[in-house]
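Using the sequences and the accompanying hints, generate a full structural model.
These protein sequence lines map, in sequence, to chains A and B.
Numbering that gives the first Met the number 0 puts the first residue of the first sequence at 0, with every later residue one more than the last.
Numbering that gives the first Met the number 0 puts the first residue of the second sequence at 0, with every later residue one more than the last.
Rather than coming from a laboratory, the hints here were simulated on the basis of the structure.
Virtual Cβ for every residue (Gly too), placed ideally from N, Cα, C.
Mixed in with the good hints, there may be bad ones.
To be verified - Chain B regions said to be covered by chain A (calculated; three or more residues, Cβ under 8 Å): (1) 329-336; (2) 344-357; (3) 364-372; (4) 376-385.
Said to hold, decoys possible - Far from chain B by the CB rule (all over 10 Å, computed), these chain A residues: (5) 3; (6) 6; (7) 18; (8) 24; (9) 53; (10) 65; (11) 66; (12) 71; (13) 86; (14) 88; (15) 93; (16) 94.
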Amino acid sequence: MALSIEDIKKIAHLARIEVSEQEASATLSKLSGILGLIEQMQAVDTAGIIPMSHSQDLSQRLRDDVISKTNQREAFQAIAPTLNNGSNEPAVADGLYLVPKVIE
Amino acid sequence: MINSSLKQLGEMLQAKTISSVELTQSFLDRIKQYNPSINAYIALNEAETLAQAKAADARLANGSAAPLTGIPIAQKDIFCAKGWTTTCGSKMLANFVAPYDAHVISQFDAAGAVNLGKTNMDEFAMGSSNETSYFGGVKNPWDFDRVPGGSSGGSAAAVAARLCAAATGTDTGGSIRQPASLCGFTGLKPTYGVVSRYGMIAFASSLDQAGPMAKSAEDCALMMNVMAGFDERDSTSLNREKEDYTRDLNKPLQGLRIGLPKEFFADGLDANVGKVIETAIAEYKKLGAELVDISLPNTGLSIPVYYVLAPAEASSNLSRYDGVRYGHRAESYTDLMDMYCKSRAEGFGAEVKRRILIGTYVLSAGYYDAYYLKAQQIRRLIAQDFEEAFKHCDVIMGPAAPSTAFKAGEKVDDPVAMYLQDIYTISTNLAGLPGMSVPAGFSNGLPVGLQIIGNYFDEARMLNVAHQYQQVTDWHSRMPEELK
Chain A
0 MALSIEDIKK IAHLARIEVS EQEASATLSK LSGILGLIEQ MQAVDTAGII PMSHSQDLSQ
60 RLRDDVISKT NQREAFQAIA PTLNNGSNEP AVADGLYLVP KVIE
Chain B
0 MINSSLKQLG EMLQAKTISS VELTQSFLDR IKQYNPSINA YIALNEAETL AQAKAADARL
60 ANGSAAPLTG IPIAQKDIFC AKGWTTTCGS KMLANFVAPY DAHVISQFDA AGAVNLGKTN
120 MDEFAMGSSN ETSYFGGVKN PWDFDRVPGG SSGGSAAAVA ARLCAAATGT DTGGSIRQPA
180 SLCGFTGLKP TYGVVSRYGM IAFASSLDQA GPMAKSAEDC ALMMNVMAGF DERDSTSLNR
240 EKEDYTRDLN KPLQGLRIGL PKEFFADGLD ANVGKVIETA IAEYKKLGAE LVDISLPNTG
300 LSIPVYYVLA PAEASSNLSR YDGVRYGHRA ESYTDLMDMY CKSRAEGFGA EVKRRILIGT
360 YVLSAGYYDA YYLKAQQIRR LIAQDFEEAF KHCDVIMGPA APSTAFKAGE KVDDPVAMYL
420 QDIYTISTNL AGLPGMSVPA GFSNGLPVGL QIIGNYFDEA RMLNVAHQYQ QVTDWHSRMP
480 EELK
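Structural data, given as structure tokens:
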């Protein structure tokens, strides 16, 4: 299936990546080339073949339901992106991360 | 000393003919001399490195040393190392200082090895030339106009230029083996699940695997003894008995059955590279091996399958970079959605964005069966090709890369041409099998790597097969004249 500029913009929105008009058209030709490569798969008859998600076909391990991690909130919050007020303060407060207001 | 094996360096340290501080300083001096032109390292922390060397000397003095105690190792910048910037070659993580150690890093730490620095790489390990790094390309030590391969290009150049005793890498589609081939050293991608992925920044989780990059098979075996092992923090880590990867190094190769897949010697392989590989295989015949013609009929499909599965997994893994908790956040934005979209647009480079977009597309509503499911089905066909082949042979051999190192800029605008660099390596990642690249000679002055593919968990045998070849050849001990 051939992609259009509108498709690129839609995919980019789903991926939460801003693209300019110019980037969208440059991306279109590169992505079309890659999808052309991927299309080679369609010639293969895969009826009845069980999909392989990874090589060992393992199921998830279970562990005992006990606390296994320590609280590292301070270490993790110390590396948060900085506030856009010229300071080098991480964008955190009261143990929470600060983002633009979502609910009025 | 820069050409000494890990075993020799270990013996020198144990015998106190050299201290770890002296050894480490001599590598730091070489890094100062050559790194400005090669760009193999993107983070150095001399004070921390020397403190680790000093601690290693104390261990050597009190008799609690392990085989790699005091040996300076370069770490690919994909491994989180507490207190070190860990960028994964991206602007997104340019200022990220890891708050914890990856399993691989703690294993080396426990062994008393010294962290020499973090090495350059393609952004988020997506590339075959190291040209997608936010921190600039890396020079191939054999020819500065050429690329070192990728994505572990910094580790590759560091090993080839002798700017470390050995290095770590990761391999999702060939990122250890292709640079090992292009830079002329020994690299091993283990069986999927043998080395923990904990703290190793994720690209495509069902394919990513860390492994050693070193001068010889013996060095790789010693590195594997440190890197491999069960870790409950990685849900796909395999709980297996601890092995000694050096145990079979000295076994004779009499009767070894080497499978030669016809698809690895067909169109697309550089004729001179093909000749080097044929000469190497003839050497194995002299060592007592028998050659078996085999076929891996779905090899050609491995690239299309990979470019569905890897981007799909990457689009999911990289969704965590949202500018909220760590990593790059845009300077200005109007609302939360705008903050996400701008932070990601600014933080990711072109190749990473392309792969996220491909992954998002193939996973989007209505396309799942045609792309992702189909790719997973063909992935099984590819794994079954190997299963069938290993009924007739013990190891498989062929080229690791279709050509020698290419010029910087040559393929940068043509993603599909770049992707074809991994034609001989990707299928083993899809099947989860171990693969190696071993120096096998030169074509027009540039190194060529012989690939050795083993069955699941057959790393010790592959290391034996490579080591025996390295007893009768000296390709692995060559280094660029100008860097001596």
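- May I ask which of the numbered hints given earlier this structure violates, with the numbers listed in increasing order? 6, 7, 9 and 12
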